[in-house]
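Q: Chains P and R are the protein sequences, given in the same order.
Mapped onto the working numbering, the consecutive letters of the first sequence carry residue numbers 35 to 249.
Mapped onto the working numbering, the consecutive letters of the second sequence carry residue numbers 35 to 249.
Think of the hints as simulated: they come from the structure by calculation, not from any bench.
Owing to the predicted nature of the structure, the values given are computational and were not obtained by experimental measurement.
Among the clues, some could well be false.
For identical chains, the list gives no copy identity; a pair is met inside one copy or between any two copies.
[Unchecked claim] Think about it this way: if two alpha-carbon atoms lie no more than 25 Å apart in a straight line, the pair counts; the simulated SDA-like pairs of lysine to any residue are:
1) Lys168 / His133
2) Lys136 / Glu223
3) Lys136 / Leu186
4) Lys136 / Arg126
5) Lys168 / Ala48
6) Lys136 / Gly71
7) Lys168 / Glu210
8) Lys168 / Asp105
9) Lys168 / Ala193
10) Lys136 / Phe39
11) Lys136 / Asp192
Number of protein chains: 2
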Amino acid sequence: MSNPFHQHLDELNALLVDMARRVGAAIEQATAALLEGDTAAAEAIVAEDELVNALQFQIDDRIIELMTQYDAVASDLRFVLGAVRISVDLERMGDLAKHVAKSVLLRAPAAVIPDSLRLDFAAMGAAAARISEKLVGILAEQDYLQATQMSLDDDELDAVQDRIHAQLPNLGYGSETAGDVVLLARFYERFGDHAVRVAHQVAYAVTGDIHLDRS
Amino acid sequence: MSNPFHQHLDELNALLVDMARRVGAAIEQATAALLEGDTAAAEAIVAEDELVNALQFQIDDRIIELMTQYDAVASDLRFVLGAVRISVDLERMGDLAKHVAKSVLLRAPAAVIPDSLRLDFAAMGAAAARISEKLVGILAEQDYLQATQMSLDDDELDAVQDRIHAQLPNLGYGSETAGDVVLLARFYERFGDHAVRVAHQVAYAVTGDIHLDRS
């Protein structure tokens, strides 16, 4: 990509990469805060999410600038449409990391998750962080082959979520703890789903194949 | 709106209105299926969601067609960007109605929600249906004044969700039921959040005011 239009597209993509980096850091920090009951860290994550939201507005402005200045061809427009969708998903991933952090603040000084599920949530956090790291690479390199593999990583999040649900009836938690656990597991699972959608958007922008899962 | 470009925008908007109608019908039917334990209705809702997803692809194609054929000014581009975001939110609202329906199928022939929470879920279903109806009007008429009122309706969903959470510790449900209840309440609450986002997008497209809540 070398002409002025494509330089603008590269700059647009750099904003998406920045968003992906930030939401990846946020979910990693949120998991640490969850496992340690660290309210100061949780508060910082909630505050940082504003920066992610601000990036989304910057992306919108950049897109409108870009579209008013240049006549784009269909393949470039696919990329631009993809950028809009990707920014929506990344913004949501930031929200989900924020939700994890907020659950820490809501129950402090008590722990949100019971000791018996710490390993499962550590596994979800690790999988989400790994997915985010891959996502940064996929976006930065427009790596659509890697992008098509993303749902395999996401399967791990789904598997841990299923394991947590299966344990629930036997662990004898109160309703409030059970509710917290189910919601938290869902936040991680949704984080993964959005990452898969972003990856599919990259694949779509590169290949034009719309028959990728949006369910 | 009268020139060919604006006719195309109107057609694009008609697709969004169609999506909004369908997801409104879906959440209404899903609530009935939830309250009645009606698995046949639940299966139909799951199947119908494919049509909502298909509309999203149609909207993408229409947007690319539109942008390749015409030079749009910034205000029209705001509308087009808004249409992309709106279609993402509406597709997600369809998913959430589908999730309610799937929970019916997952627990059948048992009821998903306990009798003591039937009225609360009926209230959430009624609020979600009412919000959807308003949303159809807001989209069809580009009614940004009504759009700015949408978060008031959404407050009711949040209030019922809080009420359900507050009751949980005292109702003595098992962990599985508590988990189901918390997730279902969240599906309705998220449905409302997405409706508010759609309404804000309409307001944004009409007024250009980006300082609307995206949290």
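Q: Could you work out which of the previously given hints the structure breaks and list their numbers from low to high?
A: When the structure is compared with the hints, numbers 7, 8 and 10 turn out to be violated.
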